[in-house]
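Novice: Protein sequences, first through last, are from chains L and X.
Here numbering that gives the first Met the number 0 is used: position 81 in the first sequence is 80, and no number is missing along the way.
Here numbering that gives the first Met the number 0 is used: position 284 in the second sequence is 283, and no number is missing along the way.
Honestly, the hints are just simulated from the structure, not real lab data.
Quick reminder that beta carbons are idealized off the backbone N, C-alpha and C, glycines included.
There may be inaccurate statements among the hints.
If you want the ones that stay clear, here's a sample from chain L, every Cβ over 10 Å from chain X, calculated [claimed, not checked]:
no. : residue
1   : ALA7
2   : VAL10
3   : LEU39
4   : THR41
5   : GLY48
6   : GLN51
7   : GLY184
8   : ARG188
9   : HIS194
10  : ALA199
11  : GLY206
12  : GLU222
13  : ARG229
14  : GLU262
15  : ARG269
16  : ASP309
If you anchor each label on the Cβ, the simulated ranges turn out as follows [unchecked claim]:
no. : chain 1 : residue 1 : chain 2 : residue 2 : range
17  : L       : ALA313    : X       : ARG223    : 56 to 62 Å
18  : L       : GLU119    : X       : ALA276    : 36 to 42 Å
19  : L       : LYS165    : X       : ARG94     : 56 to 62 Å
20  : L       : ASP140    : X       : ASN32     : 38 to 44 Å
21  : L       : TRP181    : X       : ASP33     : 54 to 60 Å
22  : X       : GLU119    : L       : GLU312    : 29 to 35 Å
23  : L       : ARG277    : X       : ASN32     : 28 to 34 Å
24  : X       : PRO195    : L       : SER167    : 42 to 48 Å
25  : L       : ASP33     : X       : ASP266    : 47 to 53 Å
26  : X       : GLY141    : L       : TRP181    : 36 to 42 Å
27  : L       : LYS20     : X       : GLY34     : 56 to 62 Å
28  : L       : ARG27     : X       : ARG314    : 50 to 56 Å
29  : X       : GLU119    : L       : ARG314    : 24 to 30 Å
30  : L       : ARG314    : X       : ARG314    : 24 to 30 Å
Listed below are the residues making up each chain.
There are 2 protein chains.
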Amino acid sequence: MLGIDLGATKVVAGLVSPEGKVTAEADRRVHRNDGPRGVLATLLEVAQGLAQEGRRVDAVGVAVAAQVDSESGRVLYAPNLRWRDVPLGAWLARRLAVPVLLENDVRSATWGEWRHGGHEGIGNLACLYVGTGVGGGFVVDGRLLGGACQAAGEVGHLTVVAEGRKCSCPNRGCLEAYVGGWAIGARAREEARAHPREAAAMLERAGGLRQLDATVVTALARERDPAAHRLMEETGTWLAAGAVSIVNAFNPERLLLGGGVLEGYPDLARSVARAVARRAQPPAAAAVRVGRVRLGAWGPVIGAASRVRDRLEARGPHGGAPRARGRSRR
Amino acid sequence: MLGIDLGATKVVAGLVSPEGKVTAEADRRVHRNDGPRGVLATLLEVAQGLAQEGRRVDAVGVAVAAQVDSESGRVLYAPNLRWRDVPLGAWLARRLAVPVLLENDVRSATWGEWRHGGHEGIGNLACLYVGTGVGGGFVVDGRLLGGACQAAGEVGHLTVVAEGRKCSCPNRGCLEAYVGGWAIGARAREEARAHPREAAAMLERAGGLRQLDATVVTALARERDPAAHRLMEETGTWLAAGAVSIVNAFNPERLLLGGGVLEGYPDLARSVARAVARRAQPPAAAAVRVGRVRLGAWGPVIGAASRVRDRLEARGPHGGAPRARGRSRR
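Sequences and hints are given; from them, build the entire structure.
Specialist: Pasting the structure below:
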């Protein structure tokens, strides 16, 4: 199976074995100015390149940082690529002549973790990814929760401060508006504007206020720069509030944390685990284990490939391909 | 089927038809000083009274305002009754010689709504009950989400104000700590202490500061007393934050609101619906319909009876009774 992770600036692809191992890989840059057709050309190039190395590609799973409709194979809304309603699944399926399944990237990664991260026996798994944005997913009894329009798992948009900071979505006070990479950058810049002296080390490392972002903050927080460290401690408080919400409302057996911000500042995972143990409802706290994802950045690729494989196997050889083959729509 | 709702001060029971109608009913007072054996005696009396009227009771579902383990039939923790680990299901099953299934009360009510509230075709249903406490449940593809220890759906303990008001649970800033009946009472008393003149109408209606509770607040808010109205408007803001969280994270097709506080101040449901439409993620907001529960106070009784019926039917005549029959445990 071929798994593809289509992000805002990069395509990463991998051939994925039934055991969830990446056996060959490729990547390319993309830019939103490429437009859907340009990105399609890049995806085809990557897919055909990997296929030409003699490996069989019998289906393709595509993880997209977007809201997608898996059933119809459409990218409904990809803010970073500035796409609306692009039938990417059907395009790819027609050109590659294999079944294609589209899925949201963090939902793919959640599926990948459950399937190949060593948690397959887990009846209730929750994943929380903290990158530039914040997202997640839930696997219950071996099924990825979909919701009414495949948007279940948007835990970045749990309100943690009613009437708090403006989010990128229509709400205020979302978890993402405090702990997402973009929000950490914004909070750091506010801090630097208000207290330039305390923020001197961050400003110097960034090379200026405008370049001050989450990467700089997490790096300096690891080095125990007081201002950066304080920002990340506050980040931990909000992330803990979100994690406690997830544990209380979903009662998972396992809560896995991942994403670039977490990787940049692993202390966050520890403070979340402590907060859950202390502050979640006692039975839910006792039932959950908080840990970190195991597939890391390969999660979306491995998850997308597994998901199309699992779909095909569930439908059997004559059970019909995933919907994106050809132009069938529900 | 017999459904029983065991609350902190009252037992309400009903014979429930396969269509979810209550065909005979009974109730008794209980007090936590009765102890588990005393409450058991009351439950038996109620059940036998209804059975003696010539109706056949072939199984009993019991909804308890408690954390329960349905599989073993144990009430694990009922703070209002001050019970810990009471094998109520087995006791009842032995004395009544029929299968007994225990369930948490709001989870029962959620099941009842899905089964008999006219939402049975709904793939993703969320219920949010605002009474003295705040709870809820989720039905996904015809199954009540259980979680790791049957605590899924505790949406009253979504954090809506990180580091906010102390909750009755170990967390701070939970939805319940702002909108639960006990919290509305506490907020009103704080307000009355700080601004006794503005709170004069509430204090007079209550007959004193200590008697000022959510019932008084909702009644006066309906009459547009400015202080009570403001308290309930603020309640609406927090409730909206929680509802938006539920819609974003679960992506339900239907979000149903119920419980005593909602019934006491129906404007809350309208402000929640408005907030969800405006502030939830646009696809999730477009996919959900916010409404009110239809079974009202009978929800737990109807739900508990349906749940035991559905369990028995799923297992078939030889499939074994719900676990609380006799002393079998997982």
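Novice: Go through the numbered hints given earlier and state which of them the structure violates, listing their numbers in rising order.
Specialist: none
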